[in-house]
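The hints should help you fit chain B onto chain A, whose structure is shown.
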Amino acid sequence: MLILNCPYCGRDVDETDLHAGGEAHLKRFGPGSSDDEFEHYLFMRENPKGVHFERWRHVYGCGKWFLAARNTATLQVYGTYSAQSTEPPQHILDAIKEAQA
Amino acid sequence: MDTSAKRSLLKRYSAFAVAREAFRQHTGWTRAWGQAEPKSQYDVIVVGAGGHGLATAYYLGKNFGITNVAVLEKGWLGGGNTGRNTTIIRSNYLQDPSAAIYEKSRSLYETMSQDLNYNVMFSPRGVMMLAQTQHEIRGYQRTAHANSLQGVTTEWIGPDRVKELCPIMNIDGPRYPVLGALWQARGGTARHDAVAWGYARACADMGMDIIQQCEVTGVQTNGGKVTGVSTTRGDIKCNKLAMVVAGHASVLAQKAGFQLPIESVALQALVSEPIKPCMDVVVMANTVHGYLSQSDKGEMVIGGGTDGYNNYTQRGSFHHIEETVRALVETFPILGRLKMLRQWGGIVDVTGDRSPILSATPVEGVFVNCGWGTGGFKAIPGSGWAMAELVAKGHSPLTEEFTMHRFRHGKFIDESVAAGVAH
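Residue numbers (the numbering used here), protein chains in the order written: chain A, 1 to 101; chain B, 1001 to 1423.
So here's chain A without its partners, still in its complex pose (with noise of 0.2 Å):
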């Protein structure tokens, strides 16, 4: 069972209450944007074979989304953050690299 800490309740969460929500820093692209950048924003996606950033929303719960840096070859989650975040915060890249390292 994947557990993540939804940073909004502080509390840790079963996924079963949670629902995946994708590739999160996803750059929103709208109208006069070039089609190059709407396929890019809409369709491609990163689908790494190891850390991934991604959306998940504490849907059983306090209701709100937030952010996830999980591996996806080891299921191994380096931590939550604000879905408020455009690029993941220091505290997460520290984690991940530590993890590696």
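Note that these hints are calculated values from the structure, not bench results.
Watch out, some of these pointers could steer you wrong.
Calculated cross-link-like contacts (lysine-lysine; reagent style BS3-like; alpha-carbon spacing at most 30 Å) [claimed, not checked]:
{"id": "1", "chain 1": "A", "residue 1": "27", "chain 2": "B", "residue 2": "1411"}
{"id": "2", "chain 1": "B", "residue 1": "1411", "chain 2": "A", "residue 2": "49"}
{"id": "3", "chain 1": "A", "residue 1": "49", "chain 2": "B", "residue 2": "1225"}
{"id": "4", "chain 1": "A", "residue 1": "97", "chain 2": "B", "residue 2": "1255"}
Short, incomplete list of chain B residues facing chain A, as computed with Cβ under 8 Å [to be verified]:
{"id": "5", "residue": "1263"}
{"id": "6", "residue": "1308"}
{"id": "7", "residue": "1318"}
{"id": "8", "residue": "1319"}
Since this is a predicted model, take the numbers as computed values, not measurements.
The beta-carbon is built from N, C-alpha and C at its ideal position, and this holds for glycine as well.
Frame of chain A, contents of chain B only:
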């Protein structure tokens, strides 16, 4: 040529060969395919010795006479999703391009054992997709009409006929009574390993090299055109490269310098202890989300849904197994008393419209065949047939609509809301 023809005649499997070997303690059987060392150069390299990759190589040789081909496999032959699925074969899709390639595939399964001289145990026992809500009735009736326009033989059947075809089913379920089904009488199952083995043997007979435990670590290009691959067993040159690696499609595409609209997730299946024959059709129940068939060994083969998150570990979430079994027990009360024997997972490559990608790529000479998601086994021969044509000629009527650029143009082949696909 003469000697190789003679050799292949002697190697043919037949009643005569079984009798001949019976008289000499079965000492005359030869390897179905050899352990090849990589050569320095090939006309075509196919990456991935699963069903789709081997079928691509086979039809390159059979339909286009291209036999200077290597099939590279990082693990062992047929050890990925080809050996991890529930072996269901059907072609009752809604959209025209889907119906074309899946029906081509289903029809190739009909004669595959004869074509490959290898018993793939194709069993056209019939596939039914249950309607358990009013919405599904409308959806499947629409699919049945679409299928008759496409020349795919399916029909809408009522609950009485469902019960007649599958007596162990409880059609008056308290939550989800069975209201009818979309029935494809020539759908069914086949032996999944045998499909990979049969193609591998036929490829080896044509002189192709099947190289296992050889992982592609890089793609070499010159001026935007592919020139070869780097592998764990050295560099190999090629004129064309076909990437047929399912769950790892994004990883390999990245090595060639482009991105795909794909996400890899885990899909699980399980089998029960073997019991006496009690069910001679395949049943898919999409509302409660489970599929069920009985193998020739007597095991009940059960498939369910995918996990929601990206995953490369070939194992899925335990609660999905519980959900799948719980759902099926209501419709098949007989299952409630069975012990489950084995459970396994595979990594499936899912696209936004739940349709595959068979396409040229931004790198000249590189072709990609991926995105079959949760339903690739049924498509193996059709996918190989179409992919071989795409690689050999640069275009194929079967793959035209499945280009990787369809997302940019909004030309989806939308099977995700068409109820043609359980996912």
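Status of the hints after comparison with the structure:
1. For the hint pairing residue 27 of chain A with residue 1411 of chain B, the CA-to-CA distance comes to about 23 Å; that is within 30 Å, so the pair holds.
2. Proposed proximity of residue 1411 of chain B and residue 49 of chain A is supported: the alpha carbons are some 29 Å apart, at most 30 Å.
3. Distance check on the hinted pair: residue 49 of chain A and residue 1225 of chain B sit about 26 Å apart at the alpha-carbon level, within 30 Å; holds.
4. With a CA separation close to 23 Å, the supplied pair residue 97 of chain A and residue 1255 of chain B stays within the 30 Å bound.
5. Interface hint at residue 1263 of chain B: satisfied, since its Cβ lies 5 Å from the closest Cβ of chain A, which is below the 8 Å cut-off.
6. Annotation: interface hint on residue 1308 of chain B holds; nearest CB of chain A at approximately 4 Å, less than 8 Å.
7. A cut of 8 Å between beta carbons decides the hint on residue 1318 of chain B: the least distance to chain A is about 7 Å, and the hint holds.
8. The beta carbon of residue 1319 of chain B is positioned within 8 Å of a beta carbon in chain A (closest approach about 5 Å), and the interface hint is therefore held.
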